[in-house]
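A.B. asks: What follows is each chain in one-letter form.
Number of protein chains: 2
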Amino acid sequence: MKISEKMNAAIAAGKTFFSFEFFPPRTDEGVENLFDRMENMVAYGPTFCDITWGAGGSTADLTLEIAKRMQNQACTETMMHLTCTNMPKEKLDEAMFVIKSHGLQNILALRGDPPKGQETFTAVKGGFSCALDLIKYIREKHGDYFGIGIAGYPEAHPDVISEDPEQMEKAYWSDIEYLKKKVDAGGEFIVTQLFYDVDKFIKFVADCKKVGITVPIVPGIMPLMTYGGFKRMTGFCKTYVPQEILDTLEPIKDNEQAVKNYGIHLGTEMCKKLLAAGTPGLHMYTLNLDGASVSILKNLGLISSHSLPRSLPWRPSANIYRFPKEGVRPIFWANRRHSYLSRTAHWETFPAGRWASCLRGKGGAMAPPDEALMSRPLSSDKRREKALAAWGSTVSSMEDVKAVFAKFLKGEIKQLPWSDLDKLQSESADILSPLLDVNNKGFLTINSQPRVNGLPSTDTKVGWGPEGGFVYQKSYMEFFCPPDALDALLAAVKSQPSIAYQVVNAAGDYKSNIEEDAVIAATWGVFPGKEIVQPTIVDKASFMVWKDEAFDLWTTAWAGLYEQGSSSYQLLTEIRDTHYLVSLLDNNYIDSDLFKVVCVAVKKGGCTIM
Amino acid sequence: MKISEKMNAAIAAGKTFFSFEFFPPRTDEGVENLFDRMENMVAYGPTFCDITWGAGGSTADLTLEIAKRMQNQACTETMMHLTCTNMPKEKLDEAMFVIKSHGLQNILALRGDPPKGQETFTAVKGGFSCALDLIKYIREKHGDYFGIGIAGYPEAHPDVISEDPEQMEKAYWSDIEYLKKKVDAGGEFIVTQLFYDVDKFIKFVADCKKVGITVPIVPGIMPLMTYGGFKRMTGFCKTYVPQEILDTLEPIKDNEQAVKNYGIHLGTEMCKKLLAAGTPGLHMYTLNLDGASVSILKNLGLISSHSLPRSLPWRPSANIYRFPKEGVRPIFWANRRHSYLSRTAHWETFPAGRWASCLRGKGGAMAPPDEALMSRPLSSDKRREKALAAWGSTVSSMEDVKAVFAKFLKGEIKQLPWSDLDKLQSESADILSPLLDVNNKGFLTINSQPRVNGLPSTDTKVGWGPEGGFVYQKSYMEFFCPPDALDALLAAVKSQPSIAYQVVNAAGDYKSNIEEDAVIAATWGVFPGKEIVQPTIVDKASFMVWKDEAFDLWTTAWAGLYEQGSSSYQLLTEIRDTHYLVSLLDNNYIDSDLFKVVCVAVKKGGCTIM
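Top to bottom, those sequences are chains G and F.
My numbering puts the first sequence at residues 2 to 611.
My numbering puts the second sequence at residues 2 to 611.
Only true hints are included.
Since copy identity is lost for identical chains, a pair holds within one copy or between any two.
Pairs of lysine-lysine, DSS-like flavour, derived with a Cα cap of 27 Å:
(1) 531 to 326
(2) 531 to 462
(3) 239 to 117
(4) 261 to 299
(5) 16 to 495
(6) 597 to 531
(7) 204 to 7
(8) 531 to 512
(9) 239 to 274
(10) 239 to 182
(11) 531 to 495
(12) 326 to 462
(13) 232 to 204
(14) 495 to 403
(15) 182 to 90
(16) 204 to 181
In case anyone wonders, no lab produced these hints; they're calculated from the structure.
Only a predicted model underlies this, so the values are computations on that prediction, with no experimental measurement involved.
Between the sequences and the hints, there should be enough to build the whole structure, so can you do that?
C.D. replies: Written out as structure tokens, the structure is:
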């Protein structure tokens, strides 16, 4: 949705908002790392994230790619910067077409820096020479569709900064008049250039009001991280730095850690002053690093270390074609969100209240996952190294395999081929002991949730949705089962008629007690003033799509780490070829104990430890 | 759906099915009475009901009208008889078009009696001379759409019955061969002519098997009700009557009650024998009366006096365009089902899992109710008389009005203008005491349900849906509130933030604490192997449509009983003009007590008794 709407809603609710700015990394590795970092930063609940524009050529393409992926995979409301630099109208059209068709709705409209080798900005042929014309063009071509952010300069644009106070005063006001024109042309909120003198920002906001600017003005905060970087940036932007800051920095400038600490302290104090002066939100120039920005926001109490309230059990997509319509997903991809999102990116409608009524999940309706959009352990030497460190440089026995699953459950390693979330969901902690027990017996668990019978929606572990509601879950457990243990397991499972089971091997042999077209609620919630919300389901068609992915991951994400033919490679492919993928959902969410049933089956010795 | 599918499902499940046959009454009054009776008979859960064909002219039109109304208002799977008598193809086309477009799917294809004044059957110009041709024509024109029932004659068709045993035997077998042809042409099940010798039926079924007839053969049971009727019918149909029956009847033939009792006994014994011989179901010729047929089925244990398991909290429509897709309705019409069905008959799609996603209820989307389809207290002198008896020949004070509501709550009268169900829902018994209390204070209740927090779906009072599930309800209460009591009531209601209230008067002044577009679940259920089912909701748009109906009923269904200008008329119209319609839904289904809140408000003396 439009960022301005989110901002205005936060302002109306008296809540301070914040946002994170990123730039396109130079390497593929860097892009992957950025998305790893973003996964956690998005979890803090920024109002939006933005990505700067790479002026022309491949960097521009990279910006588009990253923007699409931020909106659709990281699932944060994304604002893409767009500049006039080297951008004739056709290229602007193309960029806008791309993001619009991928469900983005926000642009930061900028003039941009002069093209390389030019001192002053001149328009490219068929392009624009100023942000105002770009804003007008966006509105002309796309009406009210795009939310448009614009840049504000509390110390006037660097181009017009002058030593002469009178000329400077004139330049400052003419800059504000220009800002007013940008607002009138369609700018819906203002993000400012970095600054280190809070009073200058406060005066700037007051002066903007004087000329009739009423849209939100959000200060751009660039935390001081290194002395060199700080000098470079303030020099380039001609930023005024109060003497006090320079004096404090001087004696510690060679002590990296001291500078960093001071940067966090300084940023925190600046922001406190800003918020006290009525600033509605903060825009953090992260420089693609989470440390300083996150520390400042934590100091301000805007983010906390425990998890944010969730609107749904899964992170909703930010794509305007999915959000807020999409309301239901199969449970199978609970730990592989990126894969699910890419498999369904081509859908024209998304299931709202029910899965079945949308006739989804009929196998063919899901596309193969777009590997390019996912974090892949084998995509680079560095990632391969990381994966080997986590899962072992060799995997010589079933014990080694079990150990990897157990380590993941205990949080000792952060990765598992069947999880792109880089951590176990907190609710799994409640069932950690039975999960470890069954893993220990060779039942390799990859997805689970405990039974919940009407806990408050504010419950810190399993809660989601608005306050005052109640959430429910059927217990769920999904694992790879050793072939010689299957019969005993199924006997135990069948003794508990409330359990819906599905069992399949890589070859596709399928056993189940659910009806062919059954769609079974796995998670739901009841909220004041709402229809029943049912975000997670279990069905056969989706399971059969998922099982291919689940079996493939043994090789594509794990065995592939090792030389083909090595004993590690052979062991992992053998597991893929022989094990069964078992999905168990207990329909009795009132008083049954799925995990106990499985544990008992396991303990009865039905399965021989391989 | 097709009756044959329902029959085959019952046979597969080992359940005996039954059905009721009706004929078009001669007067409007008779039609209304038939539908009153049908309302209760449908609640016993017949597999279908059928209506005989009025041979040509206005009786044929009446059959069509009744068939439509059976399917769409009484909500029973309906089979319309269709005969060749006086029916050229165009008329057959028209009849089939009418029922198909009204969501009927079943036809009993018959030749019919010879046209009046003719001895033997001759085809009308452009029509058919036998059921076989009619069956072929139905299939030719509509493919597999219609479920086709056909008639079987255990004693051969009356036309061919002969005194000569040899000729009779020949006629019997040629009749069975003809039946086989009807099956081959598309007859999906057989309903037989009435008989009183069960052995003849059993032999007939065996003989049908011999020629390869495998479709269900359902015996037509005509309970002996009066001696005269019995003689006439068996004479007309040339039915063989065992001597034993004649001997039993002879001494009691002038004792109406004794004949009736014997008829029920005889029917029960015949059916026992039929079922013991493996008959899958029973087709009852009711002659539009419930007594004998219902008694026989009760004796057989096929229906019981307590209510049947409900698939949903409301009776689902039998119309193929609604069933089984339709899954959600506003609570407001809970006691005015006929009105709701007629208001929404033109919808092209029906909300399945959610109300909001279908964008229903936007006021204009509902048509005015079709009064012709509803039981109307003022539609005839006899109904007017009945209503006056129930609601008083004069209504001279608010006390009189309150007394009517209280009598309805206590079951002392069966009618209320705001209810077409002719009885209070059984679950209201749990909240009878608070309902009586508030009625006694002048809060005139017209709709309510108690809070239910996860009772088994098999609960006899509030249960619905398949076994093994759990049902939930938010407490609900709807009433007309005296104007001087509104403020105190609202103050009490607002003190309980979980209560969603809507208040409106006839002039349309509206107060509420719910959001404009909110849709709130009122009833839902969780079942093994299913998505969450949510059949009843509360919203503003539907409420605003309902309120016009609710206020209008004061005059159209009640005040209109009295002379315009009379004090009764004036009192009732004054209530309409001054009272508020109040709808209260308590979002807290866990431990709140809506009725207590209202009772306390009432007792606090906030309202002066008028």
